[in-house]
Structure formats: structure tokens, C-alpha cells
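Undergrad: Quick note, the sequences are listed as chains W and R, same order.
Those letters in the first sequence? Residues 1 to 388, by UniProt numbering.
Those letters in the second sequence? Residues 1 to 293, by UniProt numbering.
Just so you know, the hints here were simulated from the structure itself, not pulled from any lab data.
Backbone N, C-alpha and C fix where the C-beta goes; we use that ideal spot for every residue, glycine too.
Keep in mind that a hint or two might mislead.
As the list claims (entries may be wrong) - Pulled a few chain W residues facing chain R out of the computed Cβ check, cut under 7 Å:
#: 1; residue: Arg14
#: 2; residue: Ile16
#: 3; residue: Ser201
#: 4; residue: Arg202
#: 5; residue: Val203
#: 6; residue: Ala208
#: 7; residue: Ala209
#: 8; residue: Ala210
#: 9; residue: Glu253
#: 10; residue: Val254
Stated by the list, open to error - As a list, the in silico SDA-like pairs of lysine to any residue whose alpha-carbon atoms are at most 20 Å apart:
#: 11; chain 1: R; residue 1: Lys87; chain 2: W; residue 2: Glu13
#: 12; chain 1: W; residue 1: Lys54; chain 2: W; residue 2: Leu143
#: 13; chain 1: W; residue 1: Lys19; chain 2: W; residue 2: Gln231
#: 14; chain 1: R; residue 1: Lys85; chain 2: W; residue 2: Glu200
#: 15; chain 1: R; residue 1: Lys87; chain 2: R; residue 2: Arg105
#: 16; chain 1: R; residue 1: Lys85; chain 2: W; residue 2: Met189
#: 17; chain 1: W; residue 1: Lys140; chain 2: W; residue 2: Gly108
#: 18; chain 1: R; residue 1: Lys206; chain 2: R; residue 2: Phe11
#: 19; chain 1: R; residue 1: Lys87; chain 2: W; residue 2: Glu200
#: 20; chain 1: W; residue 1: Lys19; chain 2: W; residue 2: Gln193
#: 21; chain 1: W; residue 1: Lys19; chain 2: R; residue 2: Val126
#: 22; chain 1: R; residue 1: Lys263; chain 2: R; residue 2: Val246
#: 23; chain 1: W; residue 1: Lys23; chain 2: R; residue 2: Phe11
#: 24; chain 1: R; residue 1: Lys85; chain 2: W; residue 2: Asp22
#: 25; chain 1: R; residue 1: Lys85; chain 2: W; residue 2: Glu13
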Amino acid sequence: MNALDRPWALIAEREISTKLRDKTFIGSTLVMLFIVMVAVILPAILAGKGGADKIAVIDDGGSKVVQQASTTVGGDGYEITRAADRPAAEKLVTDGDVKAALLPGDDGYVVVGKDHVDTGIESGLREAAATVGMETNASKAGLTPSQLHSGTKVELQLLDPGPLPELVSQFVNIGLALVFYMTALGFGMMIAQSVVQEKESRVVEILAAAVPIRSLLWGKVLGNTVLALSQIVVIAAASLIGLLATDQADVLEVVAPVAGWFVVFFVLGFVALAGLWAVAGSLATRQEDLGSTTLPGQMILMIPFFFSVFAGSSAKTVASFVPIASSMSMPGRMLTEDVPVWQPLVAIAILLAATVLIVRLGARLYERTLLQTGRRLGYREALALENS
Amino acid sequence: MLRVAGLTRRFGDQLALDDVTFDVVPGRMTGFVGANGAGKTTTMRIILGVLAANSGQVQWQGEQLTPEVRRDFGYMPEERGLYPKMKIRDQLVFFGRLHGLDPDRAAERTDKLLERLGLAERATDVLEALSLGNQQRVQIAAALVHEPIALVLDEPFSGLDPLAVDAMVDLLREEVTPEVPVLFSSHQLDLVERLCDDLVVLSRGKVVAAGPVAQLAAGPTTTYRLVVDGDAGWLRDVRGIRVRDVAGGTALFDVEEGALEQKILQEAITRGPVLEFGPERVALSDVFREATR
Numbered sequence: 001m002n003a004l005d006r007p008w009a010l011i012a013e014r015e016i017s018t019k020l021r022d023k024t025f026i027g028s029t030l031v032m033l034f035i036v037m038v039a040v041i042l043p044a045i046l047a048g049k050g051g052a053d054k055i056a057v058i059d060d061g062g063s064k065v066v067q068q069a070s071t072t073v074g075g076d077g078y079e080i081t082r083a084a085d086r087p088a089a090e091k092l093v094t095d096g097d098v099k100a101a102l103l104p105g106d107d108g109y110v111v112v113g114k115d116h117v118d119t120g121i122e123s124g125l126r127e128a129a130a131t132v133g134m135e136t137n138a139s140k141a142g143l144t145p146s147q148l149h150s151g152t153k154v155e156l157q158l159l160d161p162g163p164l165p166e167l168v169s170q171f172v173n174i175g176l177a178l179v180f181y182m183t184a185l186g187f188g189m190m191i192a193q194s195v196v197q198e199k200e201s202r203v204v205e206i207l208a209a210a211v212p213i214r215s216l217l218w219g220k221v222l223g224n225t226v227l228a229l230s231q232i233v234v235i236a237a238a239s240l241i242g243l244l245a246t247d248q249a250d251v252l253e254v255v256a257p258v259a260g261w262f263v264v265f266f267v268l269g270f271v272a273l274a275g276l277w278a279v280a281g282s283l284a285t286r287q288e289d290l291g292s293t294t295l296p297g298q299m300i301l302m303i304p305f306f307f308s309v310f311a312g313s314s315a316k317t318v319a320s321f322v323p324i325a326s327s328m329s330m331p332g333r334m335l336t337e338d339v340p341v342w343q344p345l346v347a348i349a350i351l352l353a354a355t356v357l358i359v360r361l362g363a364r365l366y367e368r369t370l371l372q373t374g375r376r377l378g379y380r381e382a383l384a385l386e387n388s
Numbered sequence: 001m002l003r004v005a006g007l008t009r010r011f012g013d014q015l016a017l018d019d020v021t022f023d024v025v026p027g028r029m030t031g032f033v034g035a036n037g038a039g040k041t042t043t044m045r046i047i048l049g050v051l052a053a054n055s056g057q058v059q060w061q062g063e064q065l066t067p068e069v070r071r072d073f074g075y076m077p078e079e080r081g082l083y084p085k086m087k088i089r090d091q092l093v094f095f096g097r098l099h100g101l102d103p104d105r106a107a108e109r110t111d112k113l114l115e116r117l118g119l120a121e122r123a124t125d126v127l128e129a130l131s132l133g134n135q136q137r138v139q140i141a142a143a144l145v146h147e148p149i150a151l152v153l154d155e156p157f158s159g160l161d162p163l164a165v166d167a168m169v170d171l172l173r174e175e176v177t178p179e180v181p182v183l184f185s186s187h188q189l190d191l192v193e194r195l196c197d198d199l200v201v202l203s204r205g206k207v208v209a210a211g212p213v214a215q216l217a218a219g220p221t222t223t224y225r226l227v228v229d230g231d232a233g234w235l236r237d238v239r240g241i242r243v244r245d246v247a248g249g250t251a252l253f254d255v256e257e258g259a260l261e262q263k264i265l266q267e268a269i270t271r272g273p274v275l276e277f278g279p280e281r282v283a284l285s286d287v288f289r290e291a292t293r
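So that you can see chain R by itself, here it is in the shape it has in the complex (with noise of 0.2 Å):
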């Protein structure tokens, strides 16, 4: 498990990260979403070993992260970065070695990359030579070449297309292994609730909300949401409720005593056909608007 414990770092009299504790679980994917400026980049970049933090530490495995261990990670950082006039091929060979595979291995996995990518033609291209979306697919090629042991990916759909980002999530799902932590930023909070199994939401330097996205999202919850086909305003009549809104067949209302929408669906269905029932969600972005109010 890779964990972030008591992060702090200071730029000039600016507070950028304060006291910044969470946990990325091993195959689950972790979503990092905040505000610009929040301070994502700046946790991602401690992660790596790119930056220093003035206290707190980075952890592996319960004990400090170190540069051996770190190697072994994969990166793919918000400014997208190879080399542009190297082919992509001995691009992704080199990244290899230098993250510790031998050459023929590293070749291997170059080859199955670009294969898995359809680059596979375009291996003794340059980089420059590429379209920016076949770029940003060598970078993340670039981060999984050597089969990191966890990732860390800032804004690794950004400027994609959704087919392109359903590419890319296929790659990700595949390659990754149930032992790789995935921690992953992003301002695109649909696509964060969709892939996403946990969530770290950052404002201003603090760590304000953390979690599993279904509980984020969903919260302990009183408020459902039943549909019916005909009239639903018999539940202004029902004790034990409190009814938001009815509008022909739809009704929202909160349950004041436990276990009571049960008997209100066993009402509903012999009244008539039920069309939907369950507990009203809270969409992700209320959570992110709530949360870094």
C-alpha cells in the first residue's frame, strides 16, 4: 500500500500542502481531484522524489519510500515530457532500462506496447512526428513500460477523446495488476466517478474529504426517490415521511424512522406497477462543490 502521511510543503510563505495524510489501496484506483492550485501536482511530484517536503514522509509497505523502491513506480507527470527526436521506439526501450529492465525485456515490452497501442508501425517514428493524442499514448506507454510496481498519473486523460480515454482505460485496466496501487488526478469528474474505487478530494493544501466513491457519493443517505406509473401523491398521506416533492408518478421524501421505505415499496407495489425505487445519489460534483466550499 502506498500511503501519504503528514505531507507538508511550504513555497516561500505559501502553504501549499498542510499535513496531507491518505492511503492509495493496491488495485483499486484512486482518484485525486481538487481545485486548481489545490495542491495535486505538488503531492504527485513528493510521491516521485521530484520534490521535497518540508515534513511528513512518503510510505511503501508501512515503512519510508525509498529511491530503490521509487524506481520501480510509474509517472506520468501533468507536463507531458519524452524526447522529441527520438524514435519512439528506442524512446520506450531506453525508459525501460532506466527504470531496471534488461534490454531484451525492455524491447518485449516496448513491442507489446506499441502492438496494444496500434503504434506498432509507427515504432521508428520521432516523437514530434506523432499527432499529440498518439503522443500522450507513448507517454503512457513510457510510464508502464517496466511494469511499475505503483502508479501515479497526473491528468492522464486530459486533452483526450472519449474514444481515446476508453482506450486508454482498457490499457490501464489491463496492464495493471491487482498488487499496483493507481493514484490518478483529475478535473473530469464524471470520468472520476466512473473508474474511480476511491476518492481524495484536496482543497487548498487539506485533505477535505476521503474515501470510497460509492460512499462519497451516495453518503448515509435518508432521501429516496420512487416512480410510478399513475399518481404518487398518496405518500403526502403516509406517517413517518417527510415528502420533498411529488410531480405526478415522481416522488422524492425522506425517511424519518428506519427501515420504512421498505414498507412504502411493498404500498407502491400493490397500488400498481413500480417503474424505479431507490435512494437518491448525490452526483459527484456536489460532493467536490460541498467539500471544497
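For reference, chain W alone in the conformation it holds in the complex (with noise of 0.2 Å):
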């Protein structure tokens, strides 16, 4: 006689293996893979990160401007190119080797540009240059460079600033809301998919001959909950090797702390929904069937959804504490709001119930309907049913 003591772990390993195998899910996830990439490399390319710019001059003034405005501007700075006289520096402009020319003009100088001059090169010159010219101006009436801005420094001060930029916060929530409404629907679609071929296959009568159909159900939604953690983990690499290739490191000091609480949120509000996901494949008998049977849950999916994207602040906050919205809003608020730590917990505890009461109710329609191979069913009539 032999015992097998967690026939789950056989259905979950199964699971994997087969996806993994699988072209349609590689290739998926190449994909998803290639637009993370993109969108973590594309922005440093567009904002000329990695380089300076270079800036075209044609005497030792310019030099100087030049020099000034790249000390205040920050980054890299602004890289001088030395042309030979103003036709040869105006070509260069033309040409597209340097962003702008810096010339003698009759009062001070002039920024020559091709069509358009970049704001912040033409105001980091314009600066530059009052800067250059009002200390040479004031060395000839007898003033030292610092006794002619003493009084005139500006500075910033924020009362209540956040961790990351306004602009960036707003991409940053839709981004993890994306990432788990994606992740969340596609692993949802294919747990729902494996349900019903097994039905539609009659396969599932030996296997739940062989092990009890909670095994089954369990194999499932651990095996998918693995594969889907493991691309998110997958693709977070290759986002750290495209910040740290485009020198965007500094990112990464905000983003690592929400790190953890992510993965909280994203595996209990998967599994919540991975249950639900397998129902919708156990009452469908035909692939056709998912349509409808999948309706509810992509409806819980997408609500919370547009609303963690579009909702204000304190609506936000509400979707934060609901159970799977949750998931979607509260890894984005604590990355862009100063979330006091209870919050996250108790939407964790919160979540966690729901996922336990949501699981034994998916686990018992799924004991329910799984053999009912004659016709689709609907959630209520599944409800209404005895155990067979």
C-alpha cells in the first residue's frame, strides 16, 4: 500500500510544469517583459540622461557662461564645444551635433537653436549669462562676486511633501494597480481555462477518483499563485537592471520599503480571487461557457480597478481598506502618501478574513460543480446545490 500525504503539491507541480511549457504563457510573459524594459529605459533616453549636452561657442565669454550654467544646472551638465566662427557653430546647430550655439550677440550673447531651444538650456544660459556678466560688471565698480548676491539667495521649502513627485505618484499607482489587475486576470483566465479542460477532457473524474477535489482546487491555486509571484519577481529584475543601467537608482530608495507590503497584498488578494477564478471554471462545461462564468470575476477585478486609478484622494483611502481593491490602492498610496503604519495592517487583516471566507466558499462550489460535466451552471444555482 503507498501514500501520497499532500496531493496537492503533485497538482500544483503539475500546474507549473505544464505552463511553463507552455508557448502561448512564455511568450506572454517575453512580452510583458519587453514593455517593462521599455518603460524603464525609454524615459532616462527621451530625458538625455546618460550624456550631457552639448553646447556649441565660439570665444572664451561663451566658455565661461557655459561653465556657470553647467554648475547650477545639476546632472550632468552641459558639455562645451569649441567651433571656429559663427557659420561653423551655426552648422553644427543645424547638423543636430550640439542642442544650441551660444554667440556673441550686440548686447551680451544670443542661444542659437535649430527650430526650438530647450527651456532649461535656454534659461540655464540666460541665468548663467547675467550671472557671468553682472559679477564682471560689479568687479569693475569695486564689488566682490559675494558682496553682489548677498541678500538675493531663493530656496524651497515644502511643508507637506511627498515621497515622489505629484506627476510620478499618479504612474506609480496606476502602475502597481496595473500590475496586479494584469497579473490578476491573466493567471485568473488561465486557472479558470485548466478547470474546464479538465472537465471538457473528463479527466477530472480519475483524478477525483484519486484525490479529494480540495486537493485538486488547492494544487491549482497554489501552483498559479507560484507562477504569478515568480514573473512579477522576473520582471521587478529586469525593471533593477534597467534603473541601474540608466543610472535611475535613486528610485529604487523609495520603492523598496513598499516592497514587502506588496507582496503581502498581491498574494492574498491573488488566492481570494484564484478560488473564485477556479469556480468560474468548474460551472462552465466548455471552453464558450468562460465568458459568462468569468463575468463576476472580472467584474471585481476591474471595478476596483478604475476606481483605485481615477478616484480622488479620500475615496482612494476607502478602496485602500475594501478587500482586492486593497490590493490595488494601498501598495500605490504607501509608496506616494505618508500612510501611517495601522492602516496597512488592518487592510491586511480585513483582506485576509475576506480571503479565507472567500476560499471556503470557492472550495465549496468548486466540491459542488466540478463534476457536473451536463451543463453550465449559473453562481446561485451552484449554491442551491447539495453536495453530489
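Mind docking these for me? Both chains are given alone in their own frames, and the hints should help you get the complex.
TA: Encoded structure:
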């Protein structure tokens, strides 16, 4: 006589190994990876990070101004390209070899651009030219530069600074909600499909004869949760490499403390939904039925998603305590606002309770409907069913 | 021994099984016959725990069958089903492990069965790439891979050509040890008669006949058949028998007194060569028709 104590582990193992050999799954993961890499690297390239903007000059005065601008602009500053004369400098501009040229003008300087001049460069040069010019004039009048500047300094002070700039916050909020939404929806459909495939091919009868139906459910949920988390880890690793490669490591300091919370919210929300998706599969008898049986699952995901993206901040605060919705909005809130630590803890407690309830209800429905291969069932009908 | 004890099952108002009781004895093949809708598949699904009974129970070695013991059963459902897109070797190893084999043993058993079924070269093919006959072979391998302690096969030979049936029967004979009770349903009565030791006949949810095939088919008969090389007309003058029919050398008669048939055989031999003599067997299909009427 032989005994297997953990049939769900075997079910989970089959689920994972099947997916890892599934070309559609591998393909969609690669596409997602590509999109994330592009999203991480592209802004850096567009912002011209990783290299200084070149400015053409033709005399020492211009060089001095550009040098001064370079020290105040921050980042990589500007790089001076010395041209022989005015036409040579203009040619560098029209050819796109330099961003702009700083040439002597009638009373000061002229900034020469092709079709436009970057406002950052323009204001940087304008300010630097003024500083350099005034310092020269001041020393002629017998003042030192420090005397000239005394009492003119303006500092910025924010009374309620968020961890991230506002625009970035928006993107981070949407991005985190989107990661959960996409993963939960994608894997949810896969779970429902894998359940209905077993019903369609009738293999479910052999499975049910060999192991308890609950084990089948646990195995499926576990296998897909592991897969979903691994997919996110791979994508997170890829974006990490992307951030490091493009010198944006400072973003990590903000994101890292929230990563652990995100995993907790993700796993709990995902498991609760996975139970529902498995039921959606077991209510169906054919692939075509999934459209209607998965509708409630899609709604449960879609409504909180749009809510967490478009709602105002107080509504968002409420949503971040509502189960499932909290998985999409709480990690984002923690990133972009200063959330007291009791809030995520309470949200997790509520989510945990909801997950246990949903999964238990799901397991009951799954047990009752999995072997009903006659026709598609509705949720209400399934609730009314007695155990077969 | 596997015993089905007083199983009753309703679907809505319909009584699908009505106090169904029978034994499946180890080392003997028990045929399970009955018209469509008689309740064969329902009984088998209850034995495998896929369906619950309203009352009654399934017993193993005299005690109620537990899920742990049931896991060591082998089952071939009526509606065939395995994973269509999974390689057949991976698939059989998976089912072996699902029934509790360790991975090495499951692989060993799988390779042996695939070899035995002539599917060794197709081991890495996905199931749906195989012909239906070969898929059926894999299906039976899935029921046998874990060396089951009991086998329940629902219409295992339907859709197979006679050669494939023979191959399958050989495999069963080879794989099934004398401790294993085998229950299989079929509507191919000639096959059941040829293969089965015992028979259970089900009609409208009730067991209407059960017992060894030889007994059921032969019955407590008093009818004999004699074929001689010559004319058998002399039988008409023998006392104590009732001649049903005589045509040339062939006669069919009922014996009214015990042991009289032996005297008649001796008489026949003294009269000339005897070509055939024996009790008149009733075909199983007649038993079946009689029982399910």
C-alpha cells in the first residue's frame, strides 16, 4: 500500500511544469518583460540622461557662461564644443551635433537653436550669462561676487512633501494597480481554463477518484500563485537592472520599503481571486461558457482597478481598506503618501479574513460543481446545489 | 473482497439505484451488464467516490471503503479522459504519483506499460497525436500504472477492434494478480461470456441476476442434446424423457428422471457413433433478455 500525503503539491507541480512548457505563457511573459524594459529605459533616453547636452561656443566668454550654467543646472551639466567661427557653430546646430550655440550678440549673447531651444537650456544660459555679466560689471565697480549676491538667495521649502513628485506618484499608483490587475486577470483566466479543460477532457473524473477535490483546488491555486509571483519577481528584476543601467537607482530608495507590503497584498488578493476563478471554471462545461462564468471575476477586478486609478484621494483611502481593491490601491498609496503603519495592517487583516471566507466558499462551490458535466451552471444555482 | 451493499441513489424523482447489492471477488473478473440507463455507470461512480449514494455503502474487506484505500483502486471512466496536450509518458508518471507511487517507481511502471502496449517510441508524443485506439491503450495504462488493488472499468473495450480487445485482455490477465477484484461493465455479451467468471445483471436500478457465469448461463438444466451418426428417431420410444425435437441424427430432449441421460448415452453408443452429447446451454443473451424483461 502506498500513500501520498500531499496530493496538492503534485497538482501544483503539474500546473507549473505545464505552464512553463506552454508557448503562449512564455510568449506573453516575454512580451510583458519587453514592455517593462521599454517603460523603464525609454524615459531615461528621452530625458537625455546618461550624457551631457552639447553647447557650441566660439570664444572664451561663451565658454565661461556655459561653464557657469553647467554648475547650476545639476545632473551631467553641459559639454562645451568649441567652434572656429559663427558659420561653423551654426552648422553644428543645424546638423544636430549640438543642442544649441551660444554666440556673442550686440549687447551680451544670442542663443542659437535649430527649430527650438530646450527651455531648460535657454533659462540656464540666460541665468548664467546674467550672473557672469553682473559679476564682471560688479568687479569693475569694486564689488566682490559675494557682496553682489548677498541677500538675493531664494530657497525652496515644502511643508508637506510626498515621497515622490506628483506626476511620478500618479504613474506609480496606476502602475502598481495595473500590475495586480493584469496578473490577476491573466492568471485568473488561465486557472478557469485549466479547470474547464479538465472537465472537457473528462480527466477530472480520474483525478476526483484519486484525490480529494479540495486538493485539486489547492494545488491549482498554489501552482498559479507561485507562477504569478515568479513572473512578477522576474519583471521586477528586469526593471531593477534597467534602472541601474540607466542611472535611475534613486527610484529604488523610494520603492524598496513598500515591496514587502506589495507582496503580502498581492498574495492574499491573488489567492482569494484564484478561488473564484477556479469556481468560474468548474461552473462551465466548455471553453465557450467561460465568457459568462468569468464575468463576476472580471467585474471584481475591473471596478476596483478603475476606482483606484481615477478616484479622488479620500475615496482612494476608503478603497485601500476594501478587500481586493486594497491589493490594488494600498501599495500605491504607501508609495505616494505618508500612510500610518496601522492602515496597511488593518487592511491586511480585513483582506485576510475576506480571503479565508472567499476561498472556503469557493472550495464548497468547486466541490459541488466540478463533476457536473451536463451543462453550464449559474452561481446562484451552484449555491443551492447539495453535495453530489 | 469488494462489496456493494444496499446502494440507493436518486436523481430528483428518479430512482437510479434501488438497493443494489453484489460482491466482486478477488482474482475473478466480474462482468456488469444491463441495458442503457440501468445504473451501471452510477454504481461504478459511487464505488469510486465520484458520486455519493443516498444510502448503502461500498465495503472493502468487510469494512466501509475509505478514501485512502480507494486511492489504490484503478478506474477507467465511461467517458474517457486524459490530458490531451500532455506527453503520454509524463501523463502516466503523473497518474502513478497521484495514486501514491514515488517518482522512480512511477517512471519504472510507466516504461514497462508503454513497452507492453507497444507505445514506447511514442512516449514523448502528446496524447491527442495518437490514434483513438492508442489513446484507449494509454487510458487503460493510466488505470493500471499504480498496481491497483481493485479495478473498476466502465466499458473498457467499447470502440476497439477484436485484435485490440485481445491485446487488452492479455494485458489485464498479465497485470491483474489473483488478489485483485475486477469489475467491468460491457454491453458486448459475447465478450462478457468469454472473459468473465462472475456476472451481475442490472435492470432499472435493481440487481436481477448475479452469480458465476457458468451457472447463470447453464442454469439447472434438464435439457440435453444428442447428435449421432444415423437416425435418432429411436429416442421417441424411450420412457422417462420428453423429446422436444428430432431431425435426422440430432435430437433435443428433456429428462424427467435424474441420471436417465447417462443411460441414454450408453444406449446411443451401442447403436452407433455418437458425435455430440451434453446439456443444452442457454446463451448469455437469453439470460440477459430473460432477466431484464
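Undergrad: Each of the hints needs a verdict: does it hold here or not?
TA: Status of each hint after checking the structure:
no., hint, verdict
1, Arg14, "holds, 6 Å"
2, Ile16, "violated, 13 Å"
3, Ser201, "holds, 5 Å"
4, Arg202, "holds, 3 Å"
5, Val203, "holds, 4 Å"
6, Ala208, "holds, 5 Å"
7, Ala209, "holds, 4 Å"
8, Ala210, "holds, 5 Å"
9, Glu253, "violated, 46 Å"
10, Val254, "violated, 44 Å"
11, Lys87/R - Glu13/W, "holds, 15 Å"
12, Lys54/W - Leu143/W, "violated, 33 Å"
13, Lys19/W - Gln231/W, "holds, 12 Å"
14, Lys85/R - Glu200/W, "holds, 13 Å"
15, Lys87/R - Arg105/R, "holds, 18 Å"
16, Lys85/R - Met189/W, "holds, 18 Å"
17, Lys140/W - Gly108/W, "holds, 17 Å"
18, Lys206/R - Phe11/R, "holds, 15 Å"
19, Lys87/R - Glu200/W, "holds, 18 Å"
20, Lys19/W - Gln193/W, "holds, 12 Å"
21, Lys19/W - Val126/R, "holds, 15 Å"
22, Lys263/R - Val246/R, "holds, 18 Å"
23, Lys23/W - Phe11/R, "violated, 43 Å"
24, Lys85/R - Asp22/W, "holds, 10 Å"
25, Lys85/R - Glu13/W, "holds, 16 Å"
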